[in-house]
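Visitor: Chain residues, written in single-letter form:
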Amino acid sequence: MSTSTAVFELPPAPAPAPRRQLLVGTALACAAGTMLIGGMLAIWVLLRERVVDAGGRFPIDYIIPEVASNVMLMTIWALCIFAQWAVYSGSRGDRAHTALALGVTALLAIAFINAQAFIYVDMAVEISADYYGALFYAVTGTMLAIVVAGLVYTTVATFRALGGRLRESEILSAHALYWYFAAAAYSAVWFVVYVTK
Amino acid sequence: MTTIDIRPDAADTAADDAHSDSAVASFFVGAAAWITTTDHKRIGRLFVGSGLLALLATTVLGVLLGLERADDANTLLNADSLLQMFQAYRVGLVFAAIIPLGLGLSIAVAPLQLGARSIAFPRLALTGFYAWLGGLVLTMVALGRNGGIGGGDDQAVDLFLAGHGLMIVGLLASAGCVATSVLTTRAPGMTMRRVPMFAWSALIGALGMLLALPVLFGAIIYLFLDHRYAQLNFGGSEGIATWIGWALSTPAIVVFALPAVGVAAEMFPVTFRQRQPLRGVAFAGIALVGVTALAATTQQLVFDVTFDTDGTTFIKGAVPFILFSGLPLLGLAVVLGLGLLTAKQGMGNGRPHISSPFVFALLGLKMIAIGVIGNFLYGITDLELIGTVFEEGATLFVVYGATLGVMGGIVFWAPKLWGRVLPEKQVLPLAVLGLVGTLLAGAPLYVAGFLDQAGGVPANDADVAAMLSIGDVTSGSLWNILSFAGHGVMALTVLAFAGLLLKSFTGAGDPADENPFGGYTIEWGTSSPAPANNYEQVVTVTSPEPLFETTSEGSPS
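If you read the sequences in order, they're chains A and B.
The first sequence begins at 1 in the numbering used here and counts up one residue at a time.
The second sequence begins at 198 in the numbering used here and counts up one residue at a time.
Chain A with its partners taken away, still in its complex shape (with noise of 0.2 Å):
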């Protein structure tokens, strides 16, 4: 069966550099987040244009904080400036700006979870009484596992840029991606379901 009997010869070579395997992993992941946005926010638009079309109210008769959701998206996308003055940090060698700036970044994600955990017990949406209460629980607690996920990953790149050697923390390159995913999808998600409704 065997074809070929020449020893096979080709050049050795250095052991391969880095490919910024993690920051290739996180857009990936990031990738397959937005579709998963993208796909959730899209039933939400045919839902919600089947009930209006229907003579329905849409979100029947909640009144949304506004103000809550929006300073959301304002710490949302703050939180990527911190996330990315992590990244500046780090490639500078600038460990004490580099902890502070991941933990701001921390901060303002448990500031999300809070302010979303307000918009949840100030709506009293009822899961179970109508049509609204499942698809809005559905959107936003997608979300608010995105930013919990973020939360995780800032903490181990805390742990990892700060306990390695942080000129070369890749991590934190990966945790911004991240991040500035986060916001894209929450700016999608506040338009939706807060602003258009």
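Warning: the hint list may mix true and false statements.
Computed spacing ranges between beta-carbons, pair by pair [stated by the list, open to error]: (1) N70/A to F504/B: 48 to 58 Å; (2) S187/A to M544/B: 50 to 60 Å; (3) L574/B to F191/A: 32 to 42 Å; (4) V156/A to G331/B: 40 to 50 Å; (5) L574/B to I113/A: 44 to 54 Å; (6) D579/B to G56/A: 30 to 40 Å; (7) G103/A to T494/B: 36 to 46 Å; (8) A111/A to G331/B: 32 to 42 Å; (9) G331/B to Y120/A: 22 to 32 Å; (10) A149/A to F504/B: 41 to 51 Å; (11) V148/A to S666/B: 43 to 53 Å; (12) D579/B to A111/A: 53 to 63 Å; (13) V221/B to Y88/A: 49 to 59 Å.
Since the hints were derived computationally from the structure, they do not count as laboratory data.
Think of the CB as a built atom: it goes at the ideal place given N, C-alpha and C, for glycine as much as any other residue.
Chain A is already provided as a structure; the job is to place chain B on it using the hints.
Guide: Showing chain B alone in chain A's frame:
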């Protein structure tokens, strides 16, 4: 920072140490080594092995349902369980067979082809396997407890959806590892244009999954919350079919068959001892097949087009129809056409080396193409095939065709995965048997579709009853009997193939030398089986077929 784990599994070493102690201890340590492995070759084999077992169970379900369809009285099976059996069969074809088989082969082989020491994020890939397996078990348990689409037990329906969600998360995790590997762990000198055909198809397939499956996951989140708490928006349990049915059918599932297409594209140059001509075009062909992933973004069950209509209506239907039914067909035609061109150019290099992997891969590619052609015809409204069993025929051609392709890949790369060559005389007949099974299972359903036999993913007992009642009873029964026989032949093929694999894996058969099939990509330069970290020394790649010049029978271009 690198996340490649280049250490051999600690448990592997422990297994070697324990080998001499006792058989029982050796077994447990060996099992632990498999359960906790970070070796991509083992993770891939876990996927493929589980996929083959699940496919076997699915083909048996196909046999039972085929018998029920062929029986005019429809009394062979318990009528109350038919709905769940149909769903287990459809879910099995897609989530338990075509996806894990293709993904498993990609995980096992792609890093080897890239010259990588490991897959990217190996622990995540293993976690993905367990999530998929756990989700599959939950899904089947839910179906067994009157859950699933249109199920009567609300909790079991919720479990069915949760199981799907878990499966999707697992598959996404593993697909992400494959895509990241191809993009980041290539050997020095291996530019994207020099990536082997199979690794390219693994990349496109993984990217397709990363784009398509999250859309399904989003729909499942809605369905789960709505079904559990409200049942107001999505039509309760019966409405689930409307929202996830697209994922169980063509054209969305064609993207899962991409690794099989890649195996075929890989085999032509090896068989005809010829460099791959027009590599860029071949890459584009494979990528065109991957366009079907975008069909998921529409979440549409059918992409239909009506020719007998005015301009605007026609264009509205024609654009998605061409995108999701036409482009994949064009892509497959490109891959097949370039294969033939390779064969023509390679005729001057002596007698082609036709081996069982090539036969498997070629037949698999043709079966997939017949399925995609079926999907193309299904969307033409004027043929009045929509809603018929014709769609199931197309799905079967794609799934069973992809299975044949993956089987070819397993035979081809078995030397690198566990160091044995599968016996050609025993494997080759299975390719022919698989072809017969696929044709018998799928083609009669095409005919039955033209006879208006109802098909699709059933949402309730009325749908099942419609699927079992055949308009033209006499000839309809004949086609269903043939399809039932096809499932049976396919079950035999899978069983025999799994048996051969098990035998070979436990040490039977001839040990393989480095390059038993005369391959030209770099994995054929390492030992058989490949060591835990794949390569003793990282090599520099200088061409797409780096071993072409070094093989004794290869013809330099």
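Visitor: It remains to establish, for every hint, whether it holds in the given structure.
Guide: Each hint tested on the structure:
no., hint, in the structure
1, N70/A to F504/B: 48 to 58 Å, "holds (51 Å)"
2, S187/A to M544/B: 50 to 60 Å, "holds (59 Å)"
3, L574/B to F191/A: 32 to 42 Å, "holds (41 Å)"
4, V156/A to G331/B: 40 to 50 Å, "violated (24 Å)"
5, L574/B to I113/A: 44 to 54 Å, "holds (51 Å)"
6, D579/B to G56/A: 30 to 40 Å, "holds (37 Å)"
7, G103/A to T494/B: 36 to 46 Å, "holds (38 Å)"
8, A111/A to G331/B: 32 to 42 Å, "holds (35 Å)"
9, G331/B to Y120/A: 22 to 32 Å, "holds (30 Å)"
10, A149/A to F504/B: 41 to 51 Å, "holds (48 Å)"
11, V148/A to S666/B: 43 to 53 Å, "holds (50 Å)"
12, D579/B to A111/A: 53 to 63 Å, "holds (58 Å)"
13, V221/B to Y88/A: 49 to 59 Å, "holds (58 Å)"
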